[in-house]
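A.B. asks: Fit chain B to the known structure of chain A by using the hints.
For the record, the sequence lines run as chains A and B.
Numbering of the first sequence is given in numbering that gives the first Met the number 0, commencing with residue 0 and proceeding in unit increments.
Numbering of the second sequence is given in numbering that gives the first Met the number 0, commencing with residue 0 and proceeding in unit increments.
Keep in mind that the hints are not guaranteed to be accurate.
As the list claims (entries may be wrong) - Far from chain A, by Cβ distances over 10 Å, these chain B residues were calculated:
1) A44
2) L48
3) D56
4) A69
5) V189
6) G243
7) G306
Unchecked claim - Have a look at the derived ranges for each label pair, beta carbon to beta carbon:
8) A/G243 to B/E43: 34 to 42 Å
9) A/G243 to B/P208: 21 to 29 Å
10) B/A276 to A/A217: 25 to 33 Å
11) B/V227 to A/G243: 19 to 27 Å
12) A/R272 to B/R35: 50 to 58 Å
13) B/A158 to A/G277: 55 to 63 Å
Said to hold, decoys possible - Chain A stretches covered by chain B per the calculated footprint, using a threshold of three residues with CB under 8 Å from any CB of chain B:
14) 89-97
15) 227-235
16) 239-253
In case anyone wonders, no lab produced these hints; they're calculated from the structure.
The beta carbon of each residue, even a glycine, is placed where N, CA and C say it ideally should be.
Here is what each chain is made of, one letter per residue.
There are 2 protein chains.
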Amino acid sequence: MRVARLDGMPALDLTASSADLTRAICDIPSVSDDERALADAVDEAVRALPHLEVHRDGDTIVARTMLGRAQRVVIAGHIDTVPINANLPVRELDEDGERMLWGRGTVDMKAGVAVQLKLAAELVAPRVDITWMWYDHEEVAAELNGLNRLAANRPELFAGDFAILGEPSNGQVEGGCNGNLRAIVRTTGVRSHSARAWIGDNAIHKAAPILDRLAAYAPQDVEVEGLVYREGLNAVRINGGIAGNVIPDLCEVEVNYRFAPSRSTDEAVAHVREVFAGFEIEVVDLAGGARPGLDAPLAQEFVAAVGAEPRPKYGWTDVARFSALGVPAVNYGPGDPSLAHHDDERVPVAQIQAVESGLRAWLSGA
Amino acid sequence: MRVARLDGMPALDLTASSADLTRAICDIPSVSDDERALADAVDEAVRALPHLEVHRDGDTIVARTMLGRAQRVVIAGHIDTVPINANLPVRELDEDGERMLWGRGTVDMKAGVAVQLKLAAELVAPRVDITWMWYDHEEVAAELNGLNRLAANRPELFAGDFAILGEPSNGQVEGGCNGNLRAIVRTTGVRSHSARAWIGDNAIHKAAPILDRLAAYAPQDVEVEGLVYREGLNAVRINGGIAGNVIPDLCEVEVNYRFAPSRSTDEAVAHVREVFAGFEIEVVDLAGGARPGLDAPLAQEFVAAVGAEPRPKYGWTDVARFSALGVPAVNYGPGDPSLAHHDDERVPVAQIQAVESGLRAWLSGA
Numbered sequence: 000m001r002v003a004r005l006d007g008m009p010a011l012d013l014t015a016s017s018a019d020l021t022r023a024i025c026d027i028p029s030v031s032d033d034e035r036a037l038a039d040a041v042d043e044a045v046r047a048l049p050h051l052e053v054h055r056d057g058d059t060i061v062a063r064t065m066l067g068r069a070q071r072v073v074i075a076g077h078i079d080t081v082p083i084n085a086n087l088p089v090r091e092l093d094e095d096g097e098r099m100l101w102g103r104g105t106v107d108m109k110a111g112v113a114v115q116l117k118l119a120a121e122l123v124a125p126r127v128d129i130t131w132m133w134y135d136h137e138e139v140a141a142e143l144n145g146l147n148r149l150a151a152n153r154p155e156l157f158a159g160d161f162a163i164l165g166e167p168s169n170g171q172v173e174g175g176c177n178g179n180l181r182a183i184v185r186t187t188g189v190r191s192h193s194a195r196a197w198i199g200d201n202a203i204h205k206a207a208p209i210l211d212r213l214a215a216y217a218p219q220d221v222e223v224e225g226l227v228y229r230e231g232l233n234a235v236r237i238n239g240g241i242a243g244n245v246i247p248d249l250c251e252v253e254v255n256y257r258f259a260p261s262r263s264t265d266e267a268v269a270h271v272r273e274v275f276a277g278f279e280i281e282v283v284d285l286a287g288g289a290r291p292g293l294d295a296p297l298a299q300e301f302v303a304a305v306g307a308e309p310r311p312k313y314g315w316t317d318v319a320r321f322s323a324l325g326v327p328a329v330n331y332g333p334g335d336p337s338l339a340h341h342d343d344e345r346v347p348v349a350q351i352q353a354v355e356s357g358l359r360a361w362l363s364g365a
Numbered sequence: 000m001r002v003a004r005l006d007g008m009p010a011l012d013l014t015a016s017s018a019d020l021t022r023a024i025c026d027i028p029s030v031s032d033d034e035r036a037l038a039d040a041v042d043e044a045v046r047a048l049p050h051l052e053v054h055r056d057g058d059t060i061v062a063r064t065m066l067g068r069a070q071r072v073v074i075a076g077h078i079d080t081v082p083i084n085a086n087l088p089v090r091e092l093d094e095d096g097e098r099m100l101w102g103r104g105t106v107d108m109k110a111g112v113a114v115q116l117k118l119a120a121e122l123v124a125p126r127v128d129i130t131w132m133w134y135d136h137e138e139v140a141a142e143l144n145g146l147n148r149l150a151a152n153r154p155e156l157f158a159g160d161f162a163i164l165g166e167p168s169n170g171q172v173e174g175g176c177n178g179n180l181r182a183i184v185r186t187t188g189v190r191s192h193s194a195r196a197w198i199g200d201n202a203i204h205k206a207a208p209i210l211d212r213l214a215a216y217a218p219q220d221v222e223v224e225g226l227v228y229r230e231g232l233n234a235v236r237i238n239g240g241i242a243g244n245v246i247p248d249l250c251e252v253e254v255n256y257r258f259a260p261s262r263s264t265d266e267a268v269a270h271v272r273e274v275f276a277g278f279e280i281e282v283v284d285l286a287g288g289a290r291p292g293l294d295a296p297l298a299q300e301f302v303a304a305v306g307a308e309p310r311p312k313y314g315w316t317d318v319a320r321f322s323a324l325g326v327p328a329v330n331y332g333p334g335d336p337s338l339a340h341h342d343d344e345r346v347p348v349a350q351i352q353a354v355e356s357g358l359r360a361w362l363s364g365a
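One chain only, chain A, in its complex shape:
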């Protein structure tokens, strides 16, 4: 699908520095579901490059070399951001002598996308074939994710031996990701007027053991292929009661279990059922983790080339999507992941440059 160019759309100069390119693409707002202007700008810029074959699906752009190399690497980044909160346009800051770019998207994850765009233009003859993917709707419900749609419409574009997601990882290589389960743990009772509480049966009081078990829960650290994944089991929401004078007949505790990629989704469900034995449990969201994938030969070369110490990724990212398709994947991008979604998100320019250099070194075989 080709979308007509909007008049006055900013043109992207892919020969600019990765910092300037970060700034340029941050200043084209692209909150989830409003990525069109940025997708058009990326589309236009990469179609001007004769060494790339370009595909478009909605606001996802795929550009790939077709050099007939023995191996292919997929390098992907989402172009959407969480909502802007008076944190655009980008500002340049000096923080203890370090040059920073501040503003929505600088960390999650337009600095990573900028590096990818720059290298997509520059590397006309990399040592492996490369499939670049810039996609929409990552920050919202999984079923809207551009990669999800692309996997349904053009599964052949995911062919590859290794994948790198540019999600912020402080310029380190973060392997795999934890799995993610959300469940409702529910108590029920009998409603009555609170002036005659003994006629009712208080569902909130019955939730006491649920909170006790959560408060006493000792999360595990699980080693998977040499990386230690830190798990967690937490209440993320609790809700019960309908009025100030009614004994509640329902209390729901939403729990979130982040589990190491060595556990299957079935094992994760079983664990949660065991912890909350005796209570009604409804699993409402379940996504398996991804093993680090660092035993793949390309992954080992990559880690050696960028000179980084591999670490585990705690949050669920789209590496799990590649992992599920049989493509080992890691996260490697500029920016501190704990600043993602933060109104003060900001990225050191030196870290953008380091990721650029690391990727260039490996991809060009220099």
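C.D. replies: Okay, now just chain B, sitting in the frame of chain A:
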């Protein structure tokens, strides 16, 4: 304030049976804040009675005899109901051979109002002077209550030696009422992404001891002037969390303490602070109870005349308002209080008749 009569407004026949009158006034819907039509009908009916002096304040009607008797009794009932839920018009049922009136308002408390209206018309020369009060906005926030407004605008109308509220009490005399306190017990923490829960501090987990203390709490039975008041301390609402992937920084448990009328409001607050020691507590609603008031000579005569065994009232009612004004007050009305607000509320016709007979016997000195 006199409101113009609406054309087609149903006229009330106060010589009808109390059951027919119950049916007639239930079939004039009067959900709180929409009492105008019924207030107009009552106003018109009582203004036609030359033995009563009538006052109106908003949708509250006061009608009183001015016979110069040594004693005056206030007899009051609210004319509003909770929302209708496909339970009007009134239906007549046979339940195990007992004739019942079913529908919104039959219990809370139009059967009681019907008896009052009938006796107001009939008793032209009672043994005590009577101030009849039919008021609006009882089922909603206390500050909207018609008695509250009347006490501010026309405090002299509350003069009396004894008061009877027609709230449903199964045709028994229920003395006084429990006090009512609502408070928010609050925990706070630190928000973080749930993939990195160890950076945050989970406010919901910290609420575990609040629920533990509620679950373990043993409510007291307190004897006051010979009646036993059953207390209660309950969570009525709980709320915490903002999203499925965020460690919550706030959890609020709303607790409701129903306390015996022998405790002052200060003592009630102190008790709740003691139970939840160590937690932030905000009292959001506080109303003192009312002692039974059965030691007043008129009250003793009344109980003897209607032949009822006095019992404690658990729920807070407007008797506390009279009690606070120095007028001993009891509840006496047809209908099972546990059916109040129930979609299947229904009252035995025999109970309406019994209350009518009881009140008539005492007021006429027969």
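A.B. asks: Within 19 to 27 Å: is that where the Cβ-Cβ distance between B/V227 and A/G243 falls?
C.D. replies: The hinted range 19 to 27 Å holds for B/V227 and A/G243, with Cβ atoms some 25 Å apart.
A.B. asks: Can we trust that B/L48 is non-interface, i.e. its beta-carbon lies farther than 10 Å from all of chain A?
C.D. replies: It holds; B/L48 is separated from chain A by about 36 Å at its closest Cβ, greater than 10 Å.
A.B. asks: Since B/G243 was said not to touch the interface, does its Cβ keep a gap of more than 10 Å from each Cβ of chain A?
C.D. replies: Answer for B/G243: violated, closest chain A Cβ roughly 5 Å.
A.B. asks: Does B/A44 sit more than 10 Å from chain A, CB to CB?
C.D. replies: 32 Å, holds
A.B. asks: For the segment 239-253 of chain A, do three or more residues have a beta carbon lying closer than 8 Å to a beta carbon of chain B?
C.D. replies: Three-residue rule met by the segment 239-253 of chain A, so holds; n is 12.
A.B. asks: Lying within 21 to 29 Å: is that true of the beta-carbon distance A/G243 to B/P208?
C.D. replies: Once the Cβ atoms are compared, 22 Å apart, the range 21 to 29 Å for B/P208 and A/G243 holds.
A.B. asks: Would you say B/G306 is clear of chain A, with no C-beta pair closer than or equal to 10 Å?
C.D. replies: 25 Å, holds
A.B. asks: In this structure, is the beta-carbon distance linking A/R272 and B/R35 contained in 50 to 58 Å?
C.D. replies: 56 Å, holds
A.B. asks: Does the no-contact call for B/D56 survive, Cβ to all of chain A over 10 Å?
C.D. replies: 27 Å, holds
A.B. asks: Could you check the hint for me, namely that B/A158 and A/G277 are 55 to 63 Å apart, CB to CB?
C.D. replies: The hinted range 55 to 63 Å holds for B/A158 and A/G277, with Cβ atoms some 60 Å apart.
A.B. asks: Given the range 25 to 33 Å, decide if the beta-carbon distance of B/A276 to A/A217 lies inside it.
C.D. replies: 27 Å, holds
A.B. asks: Are three or more residues of the segment 227-235 of chain A within 8 Å, CB to CB, of chain B?
C.D. replies: Result for this restraint: holds, n = 5.
Consistency note: the structure conflicts with the earlier hints numbered 6 and 14.
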